[in-house]
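Student: Please put together the full structure from these sequences, using the hints given.
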Amino acid sequence: DIQMTQSPSTLSASIGDRVTITCRASQSISAWLAWYQQKPGKAPKLLIYKASILESGVPSRFSGSGSGTEFTLTIASLQPDDFATYYCQQYNSYSPPLFTFGPGTRVDIK
Amino acid sequence: VQLVESGGDLVQPGRSLRLSCTASGFRFGDYGMGWVRQAPGKGLEWVAFIETKAYRETTDYAASVRGRLSISRDDSRAIVYLEMNSLKSDDTAMYYCTRIRRQCGGVCSFYYFDYWGQGTLITVSS
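Listed in order, the protein sequences are those of chains A and B. The first sequence begins at 1 in the numbering used here and counts up by one. The second sequence begins at 1001 in the numbering used here and counts up by one.
Worth flagging that the hints you see were computed from the coordinates, not collected in a lab. A few of these clues could be false.
[What the hints assert, rightly or not] Straight line, CA to CA, 30 Å or less: simulated DSSO-like cross-link-like pairs of lysine-lysine: (1) Lys110(A) x Lys1042(B); (2) Lys1042(B) x Lys50(A); (3) Lys42(A) x Lys1042(B); (4) Lys39(A) x Lys50(A); (5) Lys45(A) x Lys1042(B); (6) Lys39(A) x Lys110(A).
[Said to hold, decoys possible] Restraint ranges, calculated between C-beta atoms of paired labels, are given here: (7) Ser1024(B) x Ala76(A): 19 to 25 Å; (8) Tyr94(A) x Pro1013(B): 32 to 38 Å; (9) Gln79(A) x Glu1057(B): 40 to 46 Å; (10) Pro40(A) x Arg1015(B): 27 to 33 Å; (11) Pro40(A) x Tyr1055(B): 32 to 38 Å; (12) Glu1057(B) x Asp108(A): 38 to 44 Å; (13) Ser1024(B) x Ser14(A): 38 to 44 Å; (14) Ser1024(B) x Lys39(A): 19 to 25 Å; (15) Ser1020(B) x Lys42(A): 18 to 24 Å; (16) Gly1041(B) x Ala76(A): 25 to 31 Å; (17) Gly41(A) x Arg1015(B): 23 to 29 Å; (18) Gly16(A) x Val1004(B): 35 to 41 Å; (19) Thr10(A) x Gly1025(B): 34 to 40 Å; (20) Gly1008(B) x Pro40(A): 14 to 20 Å.
[Claimed, not checked] Covered stretches of chain A, going by a simulated chain B footprint (3 or more residues, C-beta under 8 Å): (21) 43–54; (22) 97–110.
Given the structure is predicted, the values throughout are model-derived calculations rather than measurements. Idealized CB from N, CA, C, for every residue including glycine.
Tutor: If you want it as structure tokens, here you go:
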């Protein structure tokens, strides 16, 4: 199984801060990684796919990078709407499970 | 794109339930579909996936539900189902219906969830 980890698990930040979340895979997943944002009581929303491609309609302050086993999600200047939990997700057709999510990183107000 | 789940309920352990997800706003038959669940206060867990007819409606399941859950689709009605049997307390969660997008070159190497429904809650308790 490919295991996904995220760090930190919780992050306290202020409006305007640059925020970086790291996602690590237990083995190489090339660039097959997506990032999601989830607000309390809401469904997750796709932010980034294939490690660095911004989904249509997502603000440009979000960016993704990485390949292999280490990936980052960066929010260039944190806005009030960005306080949420962020999940990474990998897809692996070679060994189960097919889809694995990271445990999540909660971004809250300092 | 809209995905609307239904069928969530309070059920006793060992009982069965069927969830439905009605899709609109896109060519349903062109997309794989999936279910992702989230236990109260916990993270996201993928549970089931079904491919398109072009890919023989291949299905796959998380190990935790294999043999108890069954995903199916009705392209004529744009509905995806999740049949759930032998429910356990660990199945208590919000269940989200998802549309799945593929990244394909010569082969399709990456699948991810591009649209999500609002979720339907299953509580398994006696």
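Student: Would you mind marking each hint as holding or not holding in the structure?
Tutor: We went through each hint and held it up to the structure:
Under the criterion of a C-alpha separation no larger than 30 Å, the hint pairing Lys110(A) with Lys1042(B) is consistent with the structure, at around 22 Å. Between Lys1042(B) and Lys50(A), the direct Cα distance comes to roughly 25 Å. Compliance with the 30 Å bound is thereby established for this hinted pair. The straight-line distance between the Cα atoms of Lys42(A) and Lys1042(B) is roughly 14 Å, inside the 30 Å bound, and the hint therefore holds. At roughly 22 Å between alpha-carbon atoms, Lys39(A) and Lys50(A) fall within 30 Å of each other, so this suggested pair holds.
Of the pairs offered as hints, the one joining Lys45(A) and Lys1042(B) holds, with about 17 Å between alpha carbons and a cut-off of 30 Å not exceeded. With a C-alpha separation of about 17 Å, the suggested pair Lys39(A) and Lys110(A) falls inside the 30 Å cut-off, and the hint holds. For Ser1024(B) and Ala76(A), the hinted distance range of 19 to 25 Å is not satisfied, since their beta carbons lie about 35 Å from each other. In this structure the hint that Tyr94(A) and Pro1013(B) lie 32 to 38 Å apart at CB holds, the actual value being about 35 Å.
A beta carbon spacing of about 42 Å between Gln79(A) and Glu1057(B) agrees with the range 40 to 46 Å that was offered as a hint. As the Cβ distance of Pro40(A) to Arg1015(B) is approximately 30 Å, the hint placing it in 27 to 33 Å holds. Under the hint 32 to 38 Å, the C-beta atoms of Pro40(A) and Tyr1055(B), about 36 Å apart, fit the expected range. Judged by the Cβ atoms, the range 38 to 44 Å given for Glu1057(B) and Asp108(A) holds: they are separated by roughly 42 Å.
Distance hint check for Ser1024(B) and Ser14(A): the Cβ-Cβ separation is about 41 Å, which falls inside the suggested range of 38 to 44 Å. Taking 19 to 25 Å as the suggested C-beta distance range, the pair Ser1024(B) and Lys39(A) conforms, at roughly 23 Å. Look at Ser1020(B) against Lys42(A): about 21 Å separates their beta carbons, and that is inside 18 to 24 Å. Under the hint 25 to 31 Å, the C-beta atoms of Gly1041(B) and Ala76(A), about 30 Å apart, fit the expected range.
A hinted range of 23 to 29 Å for the beta carbons of Gly41(A) and Arg1015(B) is consistent with their spacing of about 27 Å. For Gly16(A) and Val1004(B), the hinted distance range of 35 to 41 Å is satisfied, since their beta carbons lie about 38 Å from each other. Checked against the hint of 34 to 40 Å, the pair Thr10(A) and Gly1025(B) passes, with Cβ atoms roughly 36 Å apart. Checked against the given bound of 14 to 20 Å, the beta carbons of Gly1008(B) and Pro40(A), roughly 19 Å apart, stay inside it.
Against chain B, the segment 43–54 of chain A contributes 6 residues with a C-beta closer than 8 Å to a partner C-beta. That satisfies the three-residue criterion, and the hint holds. Residues of the segment 97–110 of chain A with a Cβ under 8 Å from some Cβ of chain B number 8, which satisfies the need for three, so the listed coverage holds.
Hint 7 from the earlier list is the only one contradicted by this structure; the remaining hints agree with it.
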